[in-house]
Structures are given as C-alpha cells and as structure tokens.
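Number of protein chains: 4
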Amino acid sequence: MSTANDLLASAQAVVEDLVAANRILYRQKVVDGFGHVSARHPLDPERFLMSQSKAPGSVERSDILVYGLDGEAIEAPGRRLYLERYIHSAIYAARPDVMAVVHSHSPAVIPFGVTDVPLRPVMHVCGFLGEHVPVFEIRAAAGPATDLLIRSQALGIAMARALGTAPVVLMRGHGSTAVGTSVAHAVYRAVYTEVNARLQADAMRLGPVNFLTPDEALAAAETNAAPNVLTRIWDLWKSEAQS
Amino acid sequence: MSTANDLLASAQAVVEDLVAANRILYRQKVVDGFGHVSARHPLDPERFLMSQSKAPGSVERSDILVYGLDGEAIEAPGRRLYLERYIHSAIYAARPDVMAVVHSHSPAVIPFGVTDVPLRPVMHVCGFLGEHVPVFEIRAAAGPATDLLIRSQALGIAMARALGTAPVVLMRGHGSTAVGTSVAHAVYRAVYTEVNARLQADAMRLGPVNFLTPDEALAAAETNAAPNVLTRIWDLWKSEAQS
Amino acid sequence: MSTANDLLASAQAVVEDLVAANRILYRQKVVDGFGHVSARHPLDPERFLMSQSKAPGSVERSDILVYGLDGEAIEAPGRRLYLERYIHSAIYAARPDVMAVVHSHSPAVIPFGVTDVPLRPVMHVCGFLGEHVPVFEIRAAAGPATDLLIRSQALGIAMARALGTAPVVLMRGHGSTAVGTSVAHAVYRAVYTEVNARLQADAMRLGPVNFLTPDEALAAAETNAAPNVLTRIWDLWKSEAQS
Amino acid sequence: MSTANDLLASAQAVVEDLVAANRILYRQKVVDGFGHVSARHPLDPERFLMSQSKAPGSVERSDILVYGLDGEAIEAPGRRLYLERYIHSAIYAARPDVMAVVHSHSPAVIPFGVTDVPLRPVMHVCGFLGEHVPVFEIRAAAGPATDLLIRSQALGIAMARALGTAPVVLMRGHGSTAVGTSVAHAVYRAVYTEVNARLQADAMRLGPVNFLTPDEALAAAETNAAPNVLTRIWDLWKSEAQS
Numbered sequence: 001m002s003t004a005n006d007l008l009a010s011a012q013a014v015v016e017d018l019v020a021a022n023r024i025l026y027r028q029k030v031v032d033g034f035g036h037v038s039a040r041h042p043l044d045p046e047r048f049l050m051s052q053s054k055a056p057g058s059v060e061r062s063d064i065l066v067y068g069l070d071g072e073a074i075e076a077p078g079r080r081l082y083l084e085r086y087i088h089s090a091i092y093a094a095r096p097d098v099m100a101v102v103h104s105h106s107p108a109v110i111p112f113g114v115t116d117v118p119l120r121p122v123m124h125v126c127g128f129l130g131e132h133v134p135v136f137e138i139r140a141a142a143g144p145a146t147d148l149l150i151r152s153q154a155l156g157i158a159m160a161r162a163l164g165t166a167p168v169v170l171m172r173g174h175g176s177t178a179v180g181t182s183v184a185h186a187v188y189r190a191v192y193t194e195v196n197a198r199l200q201a202d203a204m205r206l207g208p209v210n211f212l213t214p215d216e217a218l219a220a221a222e223t224n225a226a227p228n229v230l231t232r233i234w235d236l237w238k239s240e241a242q243s
Numbered sequence: 001m002s003t004a005n006d007l008l009a010s011a012q013a014v015v016e017d018l019v020a021a022n023r024i025l026y027r028q029k030v031v032d033g034f035g036h037v038s039a040r041h042p043l044d045p046e047r048f049l050m051s052q053s054k055a056p057g058s059v060e061r062s063d064i065l066v067y068g069l070d071g072e073a074i075e076a077p078g079r080r081l082y083l084e085r086y087i088h089s090a091i092y093a094a095r096p097d098v099m100a101v102v103h104s105h106s107p108a109v110i111p112f113g114v115t116d117v118p119l120r121p122v123m124h125v126c127g128f129l130g131e132h133v134p135v136f137e138i139r140a141a142a143g144p145a146t147d148l149l150i151r152s153q154a155l156g157i158a159m160a161r162a163l164g165t166a167p168v169v170l171m172r173g174h175g176s177t178a179v180g181t182s183v184a185h186a187v188y189r190a191v192y193t194e195v196n197a198r199l200q201a202d203a204m205r206l207g208p209v210n211f212l213t214p215d216e217a218l219a220a221a222e223t224n225a226a227p228n229v230l231t232r233i234w235d236l237w238k239s240e241a242q243s
Numbered sequence: 001m002s003t004a005n006d007l008l009a010s011a012q013a014v015v016e017d018l019v020a021a022n023r024i025l026y027r028q029k030v031v032d033g034f035g036h037v038s039a040r041h042p043l044d045p046e047r048f049l050m051s052q053s054k055a056p057g058s059v060e061r062s063d064i065l066v067y068g069l070d071g072e073a074i075e076a077p078g079r080r081l082y083l084e085r086y087i088h089s090a091i092y093a094a095r096p097d098v099m100a101v102v103h104s105h106s107p108a109v110i111p112f113g114v115t116d117v118p119l120r121p122v123m124h125v126c127g128f129l130g131e132h133v134p135v136f137e138i139r140a141a142a143g144p145a146t147d148l149l150i151r152s153q154a155l156g157i158a159m160a161r162a163l164g165t166a167p168v169v170l171m172r173g174h175g176s177t178a179v180g181t182s183v184a185h186a187v188y189r190a191v192y193t194e195v196n197a198r199l200q201a202d203a204m205r206l207g208p209v210n211f212l213t214p215d216e217a218l219a220a221a222e223t224n225a226a227p228n229v230l231t232r233i234w235d236l237w238k239s240e241a242q243s
Numbered sequence: 001m002s003t004a005n006d007l008l009a010s011a012q013a014v015v016e017d018l019v020a021a022n023r024i025l026y027r028q029k030v031v032d033g034f035g036h037v038s039a040r041h042p043l044d045p046e047r048f049l050m051s052q053s054k055a056p057g058s059v060e061r062s063d064i065l066v067y068g069l070d071g072e073a074i075e076a077p078g079r080r081l082y083l084e085r086y087i088h089s090a091i092y093a094a095r096p097d098v099m100a101v102v103h104s105h106s107p108a109v110i111p112f113g114v115t116d117v118p119l120r121p122v123m124h125v126c127g128f129l130g131e132h133v134p135v136f137e138i139r140a141a142a143g144p145a146t147d148l149l150i151r152s153q154a155l156g157i158a159m160a161r162a163l164g165t166a167p168v169v170l171m172r173g174h175g176s177t178a179v180g181t182s183v184a185h186a187v188y189r190a191v192y193t194e195v196n197a198r199l200q201a202d203a204m205r206l207g208p209v210n211f212l213t214p215d216e217a218l219a220a221a222e223t224n225a226a227p228n229v230l231t232r233i234w235d236l237w238k239s240e241a242q243s
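Taken in order, these protein sequences are the chains called A, B, C and D.
According to the working numbering, the first sequence holds residues 1 to 243 in order.
According to the working numbering, the second sequence holds residues 1 to 243 in order.
According to the working numbering, the third sequence holds residues 1 to 243 in order.
According to the working numbering, the fourth sequence holds residues 1 to 243 in order.
Any given hint could turn out to be false.
Each pair may be met inside one copy or between any two copies, as identical chains are not told apart.
No farther apart than 20 Å at their CA atoms in a straight line, the calculated lysine to any residue pairs in the SDA-like style are these [as the list claims (entries may be wrong)]:
| # | residue 1 | residue 2 |
| --- | --- | --- |
| 1 | 238 | 181 |
| 2 | 29 | 142 |
| 3 | 238 | 134 |
| 4 | 54 | 79 |
| 5 | 29 | 12 |
| 6 | 54 | 131 |
| 7 | 238 | 213 |
| 8 | 29 | 107 |
| 9 | 29 | 198 |
| 10 | 238 | 7 |
| 11 | 238 | 15 |
| 12 | 238 | 14 |
| 13 | 54 | 143 |
| 14 | 29 | 166 |
| 15 | 54 | 233 |
| 16 | 29 | 108 |
| 17 | 54 | 226 |
Keep in mind that the hints were calculated from the coordinates and are not lab data.
Chain A extracted, bound-state conformation (with noise of 0.2 Å):
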C-alpha cells in the first residue's frame, strides 16, 4: 500500500467489514440487542471505529464513530454512545495484535461464566480456545455491588488485564469478549466460542470429555485462521447479512 488511495481503499474495506460484521453477529445470534464490535482505525492506531449506541442488528455506515483509546468519541455532537466502550478502549491500548473487538452475551458461554467449568476446545474450529479460557470477576476489581458494566477504562483496564494474551475473556454474570486480527477473525471467534460453549455442555451431559490436546489446539488454529479458510465463511455471512 504505497500510495493514498491505497490507503483509503483499504481504510473503506475495514468500514464496511465493520458494518457487516454488526448484522452477522445478529443474525448468528451471538448479539441480540445488546451486544457491540470494534475495529481498530485502520489508517491511525491510537484509535478505533465503532458504532454509536444502537442495536447492533441495525447499524449502518453513518452509525460508525472514531473513538480514542481513552474510549471517548472524536468529535460525535449529539451522538450516544455505548456504555461499555472502554472494553473496546483498553483492549486496543494492552494489546497491540488486536485489530477487532466483539463484546457479546451469546447465551451458550454464559454457563461458562457463572460456573468453574472452564471452556475448552472440543473440536478443531474451536481450537483457538487454546489450554485456558480466562474468566474476569468484576466483583474482584469493584467490589460486590456494580452493574456488572465496564463503565469506565480503568474497569476496561482490569477486564484486559484478565484477558491478557487470550483470544477470548469471559465476564461473569456478563458476557464475553473476543478479539482478533481483523473483523472477520474476531467474529470467526465470537462465532465458534458460542459453538464451542454448546457443544461442550452436550458433550460433558454424555460422559468425560476428550478434548482437544493444546498441540491440536494451537495447529487447528493456524490453519482455520488462514485467509483461504477464514474468507470461506466470512464472504458467506457477508453475503447473508446484505441480503
């Protein structure tokens, strides 16, 4: 990318990637009405692209705001914004690698969250999960009587804290939070966590489970994070969510 309009090109990708990413998570039911996706300002990465408050089943082009890594708006008179937005802020401020940010409450992780079951890979596209799924506990960070939202960066500070280097953070009695290289990666992820959450409660009502080992983990991984793997699915729910 060498010259301008390269550079713009590639900024518009990332727009409409983040616009469809906002109606495949609703149709995929990982969000219903709650629930946002972030992608980090291709052209500056001191800050990121995210939809002003409103349900992420109808965001458009115009909904998308440029935020800070202090989680504040850029220049959005009149707009509202999402409370939770300082998940998204420091996330982007400790993690360097991360280009996405989905916050979801997709129904199948929250057992997770509210249980010491700990989340693990059951099957290869599931194997970004890796050995350990971490689980932040609000109450550890603000004590025992919050509304469970990361209403501020310093709370956004310890949840990333929390997830340190993982791809995902559980939040209990919450949600849970998933990042990735780019938009389509974060969703993939967000995506396979709810399947992941699922099938391993069926498997562990059936018996013992035997679940992935990490070398199978970590090399499922790479290969279901490949461009020509990746793109397969998300030029599929891509096309769904214009339709």
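Since the structure of chain A is already known, use the hints to place chains B, C and D on it.
Coordinates of chains B, C and D only, in the frame set by chain A:
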C-alpha cells in the same frame, strides 16, 4: 403534557406500542397463539387497554378494547374477550406503579413453576429478577380441580397477592406474568425472564451457579431500565415487528 | 345442515382444513418430510381423507384421496399411498369419536417412547394428556425384527388397541399418533404433545415435577378444546400456513 | 441407458443433485460455512465430482470440479480446493458401493465423537446406523499434534479404514462423514445421523434407552432407502433449496 393535543399524542403512542408488543412477543417466542399484553389507559388510570380475544401475532389497532379494573370491557358488543383478562385488571388495581402487563406461557419458564428451583438472575440483563421470584399456586386459592386459568377477579386478586411487589410471578403449571412501568419495560422483562430461565437451567447442569448478588441485581436492573438502554432494544424489536 | 349445499360446504371446509393441517404441521416442526394427517369423510363415516404419499409440507388439494376403513384408497389409479395408512384406518374403525388423526415423528416425544418415563401434563394447554399416555411396543405385536412401520390393517388394529380411549399413543422407536374430534383438535394435540415432552424433560432435569392433577388435566382439556380457544390458535396457524 | 443421450441425461441429473445437496445440507444445518459433499462421477467410477473450495450454501453448478481418486482436481487451474478432499477420494477408492459422500461438523454428532458413548439408532428413520458407528481417532494415525484435518491421501486411507463397511464414521474432535448409494441417500444419512444424535442424547438424560434391535435397524434401513420413501423427502428438500 399541558395540552389536549399532547395528551392525545401520548395516548396514540401507547396504543401503537401495545399493538407492536403483541407482535414482538410472538416474534420473540414469548407467546404462541396464547398469551396477552395490556397497557394501563394513558388518560384514565382506572382503565386499561388490551386486544379482544385473538392470537397476539395477528393483533391490530382495531382489536384494542378498553377495560375497567373489574376486568370487564367497556362498550364492546359482540367482541370475544380473553378468559384471563382478570390477570390484568387485578394487577392494575393492586399495583399503581404498573403501567403494562404481559401474560405468557414462555417455555423455559414453565419448569421453574413446576419444580422447587427458584428462578434467580444469572446475568446483568436479567437483574430485574432480584432476590426472589414468587410462584403462584392456584391450588392454594381455588383447590385441586381448576383448569388453572385466572377466570375471575377473585382469582386475579389471589394471583396479584402472590406477585406482591415483584416484577414477575410464575404460575404453576400455566405460565408467568411480567409487569413494567411501560409497555417496552414489561415486554423487556418478559423476554429476559425467558432468557434467564433457559440459561439458569443450562448453568445448573454444569455445576453450582454464581448468581448476581442482590446489590448487583439492583444496580443492573436500574441500568437496563434506563431509557438509553431500553430504547435501543425496543426500537429494534419494533422495526422488526413491522417488517 | 339440512340441504345438499350445506353438506357440500361442510365437506369443502374439511378438505381445506386437511390441506392446511399438512402445512401447519410442517411449519410447527411436528412433521418433517415424513408423517401424515387424515380426516374422517364428512359425508361417509366409513371412509376417510388423506393425501397420496407426499411430504406433508407440499400437500395440495389435488393430493387428497378417499380411503376405506380397510386402509385402501378408493379409485386412485397410479397414486402412491403412504405405507402406514393403516394407522388411520384402524383408528377410525375402532374409535367412532375420532374425526382426525395425526401421525408424526415429532422429536421431543421420541425419548418418551424409548425410555420408561411416562409422558404427563406439566401445563394446562397440555391437560388433554390426562392421567396416562400409552406406549405401543410393536415387538409385542409382531416380534423383534419389524421395520417398526404399521404396514397392515392387523398392525393398525394392534396399535389402535394400545391407543384405547387415549388422545395420543406413543410408538416405541418410531413416533406418535394423536387423535381429535376435528382436524384442528388433532393438530392442536399433536403440537402440544411435542411442547409437553420438551418441557417435561427440561423440568425433570431441574428436580421432581409437580404435574397437573387428573382433575386439573380434565378441566384444562375441556377449556382448551372449546371453540373459542381452539379457533384462536387454529386461525393463526392457518393464516401463516397460507402466507 | 443404452444411448449417449441417456448417459448425458443421467450425468446432468447427478450434477443437479450435487448442487442441490450443497444447499440442502446448509438449509438443514448439517453444514455451516464448512463441510462438503461429493458424488462419484456418473460416467467414470475412477473420478468424482465436488465443488471448488466454497461455503456449501452458495455452491453453484460452475463450482463443480472433477477429481481423481488421488484427491487431486483434473484441469482446474486457479481454483482453490478443499483441504480435506482426501476424505472423498479415499472413500471412493476403498468402497465401490459408495456413490456419494457428505463430510460435516453437524453439531449434535460432535459429543459422540469426544466421549465413549456409542451412537446407536433410537428410531426407525435412523435404522441405517445399524449395530456400530465407528469413531476415527486421528491421533492413532498421525500422532497428538495434527490440526485434525484429513490433509493427505494417507490420512484419507486411515479414515476410510475406520469407516470400514459402515454408513457413517465419526471423527473425534472434528465431525463426521456419511456415505450412500446416491447423493440423496448420503444426504439423508447425514441429516438423520444428526437427528439421532440429538434424540439419543435427550433420551439418555431421561433414563436407560430401548434402542432398535439389529434386525429392526436392518429392516428399517431397507424401508427408508427405498425410492418411494427417499424420494418423498428428497423432493421436498430440493424444492425448498431452490426457493
């Protein structure tokens, strides 16, 4: 609202919300062919609005009738009325704070009405469930041979007593009734009571559940009843119900 | 109905309901590509109406054939017939009160046919299940090597004997058959047998279940079979099946 | 089929079925963005037909390529191929009776691949599962650090050996593969393997399960593979997939 026009506009908005609520509840699978939703009359707190007897999914503006707090319709010659309209009349009489009522047989809630397991909030969007969701046992009020329906004002009063100051009452072998300070609020509570029931049952199968503390439930309920948050999901539901 | 025109109109209505029932049962996921629904002939109680062999979701008026109580079609050259038409013929022969029959493999009911857990009513809309839902074990009638289908009038008679005076009979390793006093009534029972099976299984996983008493079941069944109530849901289903 | 025209018509029909199968499997939720289906070449048993690498739900006639029994495409410059095409090539090489292959990650089947619970037929439409559904453990063939994919003809051969003469093989931590004597037959088996897995898991939670006897399974499998029966559901699926 100082003028007659303002009052009229406000009343129109309630009727519109009520028609939308019928369709939203069907679309969200809270009601099937059965169930009903009402709103306190915006101009006369001694009356309420509800459809004639009709499947909620097909209710239109012309189906909406005016009822008194005795459960009888005002001037509705030839219209069939819901057998259980007394659920609504008794609650409006007992609870001046209630502006809307949803009665449903939403599926995941049924098991909590027929077992001894208390329904408790597993996540912030269900914080309104608070510390205790009461169960109405019609046998205690009317013996062991009823058809379980709230067929009279007397039974409605017994059920409203079980509801007390709670946001939701489960009805053993029958369904549940949620109340709210607006149509959107009562619909929100009916939808998320169903969500909580499903997720609580799933979580309990994994292991002991870390529920919201009473303080967390209270704080989360306040956050989610704020117009900013409630409107986001209500507008989405409404636009979908009209499409 | 004193005139020929009245009789004709009544017969037309039954055929219309039967076509609608095929589509409704598919839409409600009671049948998939398999299953069938019939109505006793409105003008001749010794005959019944049912589609030729075809997936229920695509049945049209021209598919409806007339059958005798021996299970054979009257004048249907070149038409393929359902292998299991004897389910219907044997029940019409044994049960003069039955005006319609639905045979399906509706999923939540299957587990109750292959385990020792009796299906019992957990809620009022399923009160028709009453005190006892029989299970037909084809091995008792035809040994351990059948294909489980009701392929002959003799097997139909054995199954009808297991049904007895009940509203529904489960068929081990196969499905279930519901009967009613009208097409709408039999469809209602087939749909809510499935609903009850799912909710009873869910409730049993939570803890001991407080089922309807026999008197409650009886009273609730009467209420829900009343035209006022049954028509409400039937009209909804019918209008959806036509859209 | 004695003329060139007959042969051509037959080949056309297989291609049409294959395109339909891709869309049917997506609509039936057997595949999501992943999974693939193939058919043995109708004119050359040493070749098979399958889409280029693409989400099954969007496969069109122009995506269908010809492959050899080594898993490589014949004249397909610039086309991306499924990484796991060797599942298909190895099975066609080992099983002359197989005319179509479906590989999927259908969800209810996954738990049976990662636990010690054998998949067994609970109902007649799933009788084809027979007495024993094998599980392929890739660790036995390729050690503990693979990405679980069948990336080579050697792995395909190991998997085909695990399949043996069975209709379906489960693949631990990955998915399953169903085979059949026609495209419709393999799709039927893939769909009803998923149905059986879900219902068997549900039944096992209720109590000990009364499975089909081996003789019942055999008889039921024959009945359901008969053109009369298979065509009924296939025609429905096909017409829906085209709408």
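Here is what the structure says about each hint:
| no. | hint | result |
| --- | --- | --- |
| 1 | 238 / 181 | within (18 Å within a copy, 35 Å between copies) |
| 2 | 29 / 142 | neither (30 Å within a copy, 36 Å between copies) |
| 3 | 238 / 134 | neither (30 Å within a copy, 37 Å between copies) |
| 4 | 54 / 79 | within (10 Å within a copy, 40 Å between copies) |
| 5 | 29 / 12 | neither (26 Å within a copy, 33 Å between copies) |
| 6 | 54 / 131 | neither (35 Å within a copy, 30 Å between copies) |
| 7 | 238 / 213 | neither (32 Å within a copy, 40 Å between copies) |
| 8 | 29 / 107 | both (9 Å within a copy, 16 Å between copies) |
| 9 | 29 / 198 | both (13 Å within a copy, 15 Å between copies) |
| 10 | 238 / 7 | neither (22 Å within a copy, 39 Å between copies) |
| 11 | 238 / 15 | within (13 Å within a copy, 27 Å between copies) |
| 12 | 238 / 14 | within (13 Å within a copy, 30 Å between copies) |
| 13 | 54 / 143 | neither (29 Å within a copy, 48 Å between copies) |
| 14 | 29 / 166 | neither (23 Å within a copy, 30 Å between copies) |
| 15 | 54 / 233 | between (26 Å within a copy, 8 Å between copies) |
| 16 | 29 / 108 | both (11 Å within a copy, 18 Å between copies) |
| 17 | 54 / 226 | between (32 Å within a copy, 14 Å between copies) |
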